[in-house]
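Work the whole structure out from these sequences, hints included.
Keeping their order, the protein sequence lines are chains A and B.
Numbered according to the numbering used here, the first sequence spans residues 1 to 596.
Numbered according to the numbering used here, the second sequence spans residues 1 to 160.
What the hints contain is simulated information worked out from the structure, not anything from laboratory work.
Don't take each hint at face value.
[Unchecked claim] In silico DSS-like links for lysine-lysine, alpha-carbon gap of 27 Å or less:
no. : chain 1 : residue 1 : chain 2 : residue 2
1   : A       : Lys84     : A       : Lys33
2   : A       : Lys479    : A       : Lys580
3   : A       : Lys72     : A       : Lys18
4   : A       : Lys586    : B       : Lys156
5   : A       : Lys86     : A       : Lys18
6   : A       : Lys114    : A       : Lys389
7   : B       : Lys156    : B       : Lys117
8   : A       : Lys589    : B       : Lys107
9   : A       : Lys547    : B       : Lys149
10  : A       : Lys556    : B       : Lys149
11  : A       : Lys361    : B       : Lys150
12  : A       : Lys361    : B       : Lys149
13  : A       : Lys556    : B       : Lys156
14  : A       : Lys594    : A       : Lys556
15  : B       : Lys35     : B       : Lys13
16  : B       : Lys149    : A       : Lys580
17  : A       : Lys21     : A       : Lys86
18  : A       : Lys185    : A       : Lys161
19  : B       : Lys22     : A       : Lys256
20  : A       : Lys555    : B       : Lys149
21  : A       : Lys389    : A       : Lys361
22  : B       : Lys107    : A       : Lys586
23  : A       : Lys487    : A       : Lys497
24  : A       : Lys245    : B       : Lys141
25  : B       : Lys35     : A       : Lys245
26  : B       : Lys141    : B       : Lys107
27  : B       : Lys150    : B       : Lys107
28  : A       : Lys361    : B       : Lys141
29  : A       : Lys185    : B       : Lys22
30  : A       : Lys248    : B       : Lys35
31  : A       : Lys589    : B       : Lys156
32  : B       : Lys149    : A       : Lys595
33  : B       : Lys8      : A       : Lys248
34  : A       : Lys586    : B       : Lys149
35  : A       : Lys245    : B       : Lys22
36  : B       : Lys20     : A       : Lys245
37  : A       : Lys245    : B       : Lys79
38  : A       : Lys145    : A       : Lys3
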Amino acid sequence: MPKRFNITLCDGPSCMHKNSKEIVAAIEAQLKKHELSDHVGINLSGCLGMCARGPVMIINPGYSIYGDFTEKDIPEIIEQHIKKNKPIARFIIDEDHLYNRFFRVFGDVNFFGKQMRIALRNCGIIDPENIDDYISLRGYEALAKVLTDIAPEKVIGQIKKSGLRGRGGAGFPTGIKWELTAREKSDEKFVICNADEGDPGAFMDRSAIEGDPHTIVEGMAIAGYAIGAQKGIVYIRAEYPLAVKRIKKAIADARKEGFLGQNILGTGFSFDIEVRLGAGAFVCGEETALMLSIEGHRGMPRPRPPFPSVSGLFGRPTLINNVETLANIPVIILDGAQWFSSLGTEKSKGTKVFALAGKIKNTGLVEVPMGTTLRQIIYNIGGGIPGDKQFKAVQTGGPSGGCLSEEYLDTKIDYESLAAAGSIMGSGGMIVIDEDSCMVNIAKFFLEFTQNESCGKCTPCREGTKRMLEILTRITEGKGSQEDIDKLLRLGNMIKKASLCGLGQSAPNPVLSTIKNFRAEYEEHVRDKRCRAGVCRHLLVYEITDKCVGCSACKKACPAEAISGALKQKHLIDVNKCVKCGACFKICKFGAIKKS
Amino acid sequence: MIVSDDRKISELKNFMREAKSKEHPDSQLISILHKTQELYGYLDQEVMSEIAKEMSIPTAHIWGVATFYHYFNLKPTGKHVISVCLGTACYVKGAEEILNSIRQELKIDFGQTSEDKLFTLQEARCLGACGLAPVIMIDDKIYGSLTPKKALEIIKSYRK
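What follows is the structure, given as structure tokens:
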């Protein structure tokens with residue numbers, strides 16, 4: 001049976017001293033008296049840190065923090081708050097909150113203190129497999145509120161007013177998307193949650209679903225109500241087995257509790273959700289490809305219009321939102337569009353989750369208000385680069401995004417500023433790159449990815465990326481010419497303009513942005529045949545230094561017989577025979593081989 | 001004959017019958033292929049022909065779908081499947097070196113199975129465990145913060 005209330009009582013040493021044990025006994029006795037024992041859960045927590053105001057207890061839902069009371073006050077608290085649902089103001093600790101309700105949960109640890117968690121508000125706090133935990137933190141309250149109090153067009157009005165934009169990368173205003181789908185007349189409509197998180201280096205959606213799956217369920221149900229859909233589909237990567245398991249459980253539990261299914265909460269609104277697995281195709285994150293994949297076809301994009309809002313899944317009007325977008329919906333409903341739109345910059349409201357990875361001390365998920373600078377994320381939250389290495393670039397937006405150099409570190413994060421700098425917001429991957437990486441090689445890495453994932457339908461993307469990859473490979477092998485750089489630029493701009501879908505239109509971005517910001521490295525590769533990071537194997541020169549003791553280990557390891565020298569005498573590498581495999585470098589125990 | 005394995009084929013047929021009872025049965029094709037791979041470890045041509053018959057979907061269409069998605073194996077895999085993550089975070093943290101050491105150790109390339117049928121090597125495009133980069137996944141288990149040496153030790157432990 002779900003509990004209507006949860007009481008969390010601080011059981012820290014200080015509160016214990018103020019009779020927390022007796023208080024628990026008093027609460028239990030009062031609940032018994034009012035026959036409420038089955039409806040109220042009681043938990044003891046570790047020290048909540050408000051020792052000065054002890055004893056302290058928190059009553060959820062509503063997050064009412066009670067302090068400075070004694071066991072004699074318990075009958076009144078149970079009678080008023082639990083029975084009549086009227087919190088007693090004189091006991092409630094109500095101090096200024098820095099960040100509305102979200103700051104309360106996370107302490108002021110530096111890593112969290114500079115963040116602001118809205119989409120991830122429950123991640124790490126609730127048991128994701130327990131619906132009661134979610135409900136105790138105002139879960140499904142937003143759904144109940146819209147179903148009973150707010151007309152669908154007003155819900156859309158609020159989302160529009162909030163300024164929320166799609167978090168999948170393109171940044172289309174969510175409210176307008178909802179409005180366009182709501183406007184269509186049809187006997188059947190769909191809400192799709194796009195959880196096909198395919199960007200290498202991005203794991204926001206995975207964590208959001210694994211940590212708080214009910215938020216997605218609630219967001220989808222609210223969207224369904226607003227646009228007049230009765231069916232929802234979560235399209236999720238098969239590579240995320242735990243996330244799949246948890247979203248399935250959340251849907252089943254929500255159905256059991258009456259938040260999904262027929263006649264939700266007795267309001268006459270019906271909505272249900274099905275889970276469909278992707279099968280490892282990056283292009284299926286593109287909305288028209290995604291829908292074809294759900295229909296059981298090869299996921300190859302089609303031209304738009306018609307847009308999904310007009311003719312989507314099975315030809316019906318369809319709303320497609322990304323995981324993070326949906327996670328923001330319940331908050332906008334509960335805390336108001338106005339509050340939400342007070343966060344962020346002029347055109348980008350709210351927060352954005354980033355998956356911070358690569359050469360950075362604190363890897364992990366961070367959620368920051370829009371308008372935070374790249375520098376703040378990398379150095380304040382991320383803790384900078386490990387091992388005294390030099391910062392070289394930050395890559396945002398995955399294979400569709402770009403690499404920004406140091407001069408862009410003070411760029412504010414919002415859709416427009418990142419685009420102006422030559423990258424994109426993207427879905428939230430943020431990879432920090434240090435001096436040990438070669439930018440030409442990084443560009444080649446991304447292009448290999450998009451080339452491999454190109455569905456092959458349109459020529460610019462299918463053939464163009466292949467040619468670009470050939471040129472880049474040539475450059476990293478030391479066979480490039482000055483002309484190749486211009487060719488890359490020309491080809492890249494052409495592919496951007498002529499491709500059918502977002503994949504092709506953005507595939508050249510990593511190459512174009514690295515040429516723009518790191519042109520010197522390209523020039524070094526083609527002119528001097530040199531790779532300053534020492535990554536491009538073919539451009540390396542191996543040399544044996546005076547540290548050599550003549551053990552001949554390298555001579556034996558060399559597959560090309562390029563090393564000569566007598567035992568116990570300094571050896572020599574024949575650069576003309578050397579195939580630059582690095583075998584000698586790896587085997588040398590004396591650090592006598594230098595690569596440059 | 002792979003389809004003569006009664007238990008597996010009857011489980012698959014039950015799954016397809018259930019799929020057919022739903023709205024838009026053709027749209028269940030990818031779910032059916034997932035189920036097939038779960039049962040057999042890969043998508044066998046004979047089994048795909050059975051699916052074509054049962055679901056009244058052209059074999060060519062099924063083949064088209066099966067080859068489009070990387071997740072589906074078209075050849076039998078070894079006892080353990082090693083996926084080396086080549087996502088960006090792993091890449092900048094040295095995934096290539098890990099990959100090369102595994103390649104050398106098992107003497108196989110992507111998509112191949114070792115001679116003793118113990119390991120199949122696959123590339124993965126981001127396993128979403130970027131905080132632990134570089135990572136590999138063996139079957140369903142993730143191993144993170146690897147060095148080439150650590151990776152080989154882990155593989156050795158599967159040999160026992």
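Here is how each hint holds up against the structure:
1. A:Lys84 with A:Lys33: 15 Å, holds
2. A:Lys479 with A:Lys580: 15 Å, holds
3. A:Lys72 with A:Lys18: 12 Å, holds
4. A:Lys586 with B:Lys156: 21 Å, holds
5. A:Lys86 with A:Lys18: 25 Å, holds
6. A:Lys114 with A:Lys389: Holds, because 24 Å separates the two Cα atoms, which is no more than 27 Å.
7. B:Lys156 with B:Lys117: 15 Å, holds
8. A:Lys589 with B:Lys107: 25 Å, holds
9. A:Lys547 with B:Lys149: The given pair, whose Cα atoms are some 25 Å apart, holds under the 27 Å limit.
10. A:Lys556 with B:Lys149: The given pair, whose Cα atoms are some 21 Å apart, holds under the 27 Å limit.
11. A:Lys361 with B:Lys150: Holds - the C-alpha atoms of Lys150 (chain B) and Lys361 (chain A) are around 21 Å apart, at most 27 Å.
12. A:Lys361 with B:Lys149: 23 Å, holds
13. A:Lys556 with B:Lys156: Satisfied, since the Cα-Cα distance of roughly 25 Å is no more than 27 Å.
14. A:Lys594 with A:Lys556: Cα-Cα ~18 Å, so holds.
15. B:Lys35 with B:Lys13: 10 Å, holds
16. B:Lys149 with A:Lys580: 21 Å, holds
17. A:Lys21 with A:Lys86: 25 Å, holds
18. A:Lys185 with A:Lys161: Judged against 27 Å, a Cα distance of about 24 Å means the pair holds.
19. B:Lys22 with A:Lys256: Cα-Cα ~21 Å, so holds.
20. A:Lys555 with B:Lys149: 22 Å, holds
21. A:Lys389 with A:Lys361: It holds: about 11 Å lies between the C-alpha atoms, which stays within 27 Å.
22. B:Lys107 with A:Lys586: Judged against 27 Å, a Cα distance of about 19 Å means the pair holds.
23. A:Lys487 with A:Lys497: 16 Å, holds
24. A:Lys245 with B:Lys141: Between Lys245 (chain A) and Lys141 (chain B) the Cα gap is close to 16 Å, so the pair holds against 27 Å.
25. B:Lys35 with A:Lys245: 15 Å, holds
26. B:Lys141 with B:Lys107: The hint holds at about 22 Å.
27. B:Lys150 with B:Lys107: Distance ~18 Å between Lys150 (chain B) and Lys107 (chain B) Cα, so the pair holds.
28. A:Lys361 with B:Lys141: 25 Å, holds
29. A:Lys185 with B:Lys22: 24 Å, holds
30. A:Lys248 with B:Lys35: 17 Å, holds
31. A:Lys589 with B:Lys156: At roughly 24 Å apart (the allowed maximum being 27 Å), Lys156 (chain B) and Lys589 (chain A) satisfy the hint.
32. B:Lys149 with A:Lys595: Holds, because 22 Å separates the two Cα atoms, which is no more than 27 Å.
33. B:Lys8 with A:Lys248: 24 Å, holds
34. A:Lys586 with B:Lys149: 12 Å, holds
35. A:Lys245 with B:Lys22: 21 Å, holds
36. B:Lys20 with A:Lys245: With a Cα-Cα distance of about 24 Å, the restraint between Lys20 (chain B) and Lys245 (chain A) holds, given a limit of 27 Å.
37. A:Lys245 with B:Lys79: Judged against 27 Å, a Cα distance of about 24 Å means the pair holds.
38. A:Lys145 with A:Lys3: 19 Å, holds
Violated hints: none; the structure is consistent with every hint.
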